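Spelled out from the first residue to the last, the chains are:
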Amino acid sequence: MAYFGDGATSEGDFHEAMNFAGVWHVPVVFVCQNNQWAISVPLKKQTHSRTIAQKALAYGLPGIQVDGNDVLAVYAATREAVERARAGDGPTLIECVTYRLGVHTTADDPTKYRSDLEVAMWEQKDPLTRFRAYLEKRNLLEEGLEQRVDDEIAEAVRRFEATPPADPLVMFDHAYAELPPDVQAQRDAMAASEPATPARPDATPPTQPGATPMRGQRLTRR
Amino acid sequence: MAKLNMVKALNQALFQEMERDADVLVLGEDVGVDGGVFRVTDDLQRTYGSQRVIDSPLAEAAIIGTAVGMALYGLKPVCEIQFSGFAFQCFHQIENHCARYRMRSQGRFHVPMVIRMPYGGGVRALEHHSESEEQFYAHIPGLKMVIPSGPRNARALLAAAIRDPDPVIFFEAKSLYHAAKEEVPDESEVIAIGRAQVAREGDALTLIAYGAMLRVALEAADVLRDEDGVAVEVIDLLTVSPLDRETLVASVKKTGRAVVVHEAPRSFGPGAEIAASIMDGAFLSLEAPIRRVTAYDVPFVGFAREKANVPDVPRVVSAVRETLAF
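Just so you know, the protein sequences line up as chains A and B, in that order. Quick note: the first sequence, position 70, residue 70 per my numbering, numbers continuous. Quick note: the second sequence, position 103, residue 103 per my numbering, numbers continuous.
Simulated from the structure, these hints should not be mistaken for lab results. The structure displayed is predicted, hence computed values, not measured ones. C-beta atoms are modelled at their ideal positions from N, C-alpha and C, and glycine is treated no differently. Hints are supplied without guarantee of correctness; some may be wrong.
[As the list claims (entries may be wrong)] Going by beta-carbon spacing under 8 Å, a handful of chain A positions derived as facing chain B: (1) Y59; (2) P62; (3) N69; (4) D70; (5) W122; (6) P180; (7) P181.
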């Protein structure tokens, strides 16, 4: 399974890959997360096609468009595509239509290119909100599950932030199977000049929950 | 022992390596039924089938991208890019992925693949079919850049490249494909990647070349011996990167002078790196500045003016004489 966004479907490599997969009839599932924004460029400026799914037709593969905010619909479409691949029936392109609610990066300011109204409209369709509503309705939501997930994420972030910085010399460890003599000499020079890196004395404390979000960043509403 | 040209020698290397290791496969445009536009992959598909000798659609990025995936999966793909001038279509796959997976995955994955490309001028071909672009690949950490100069070392270096655990860019000089035949032993041989060879010993000056330029360097050395009575030492680089600085420095410590010959344009080319390495290692032995005989810093000039652009024997002889007279 290969994952990519709507912007990536404008890259030549997307088309080359679809074409190769079609010609060779290989077991691949292409999953496009169409969140409608490639940083500041909306889908209508990315492609003149009505859908991304239809691009599959040109390569002789099935293309499916699915509500990407419907967890079960995505699961069903993916399972069907995976079964097709496993059965030797070749590749599938799945376009999951969703929306990028947050910023692209910390340097991005979505208020420059899209309206709050548009974002608010899509927030109503947030897949987590919808799936929770579904589970609650069917009485399937386990008590305390959300808290456990939040704790797990917080713990992972804490572990990451507590990781001491790596020794700079490790940059030489995986450049080649065996370091060429000149690169070995570069490593030796660094080893001779660089003292062993001390543990970061001014390590920044982990981000506090509820800290002010960046411009355009969306805070979880849970 | 058989007399083979470079095409036959490379073909034999592929046969021997595919026989030796079932993970080796060949992938590229026209490599199967057609045996490659230069026939380097001739008869491989007939012997090993279309699952191991794969005709791909016409798309260089997908050839390299697919091969990177195969290599991550444990196979050893040997890709053919039909002409080195077409490789800019897949340069991002080479630089961004092929060269980096070992580092990116902190050693969990590596990419044991070879990318073969015919390069260079001398066959009166058109644009994108005549250039020398080794400097781009030599500059990329994580890759190795190999250029043989004759049938026997071509076969041995291709075998070494296929067995190498890291990605190797393998340039084949088009002008050498059918240029000469050489005695090649029946048994497979390898030449260590990263080692240059002294092609001819001498004491007056070190002449450094590789690929198609080795023949030019050796002919220039003949002229200098016959007309000037000087013994020029000729070094055949064989591997551009990693550069065998040790052999270069040892030679220049003996001769005190060096001239580098390559077909690629001069500025920021391999000659500059070679000259800097000699300065680093043999500065006090140098009697003259290191000269470079290269193509000029101009875009592709067209085949009618190719001979004026690619280094030839008179230009090399004259650079050596100037260096000796300095």
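Each hint, compared with the structure:
1. Interface hint at Y59 of chain A: violated, since its Cβ lies 11 Å from the closest Cβ of chain B, which is beyond the 8 Å cut-off.
2. For P62 of chain A, the suggested interface contact is broken, since its CB lies about 20 Å from the closest CB of chain B, more than 8 Å.
3. Against a cut-off of 8 Å between C-beta atoms, the interface hint on N69 of chain A is violated, since the closest Cβ of chain B lies about 31 Å away.
4. Because the smallest distance between the Cβ of D70 of chain A and any Cβ of chain B comes to about 31 Å, over 8 Å, the interface hint for this residue is violated.
5. Restraint check, W122 of chain A versus chain B: the minimum CB separation of about 32 Å is more than 8 Å; hint violated.
6. For P180 of chain A, the suggested interface contact is upheld, since its CB lies about 3 Å from the closest CB of chain B, less than 8 Å.
7. For the restraint placing P181 of chain A at the interface with chain B, the shortest Cβ-Cβ distance is roughly 7 Å, inside the 8 Å limit, so the hint holds.
Figure legend: structure checked against the earlier numbered hints; hints not met, in rising order: 1, 2, 3, 4 and 5.
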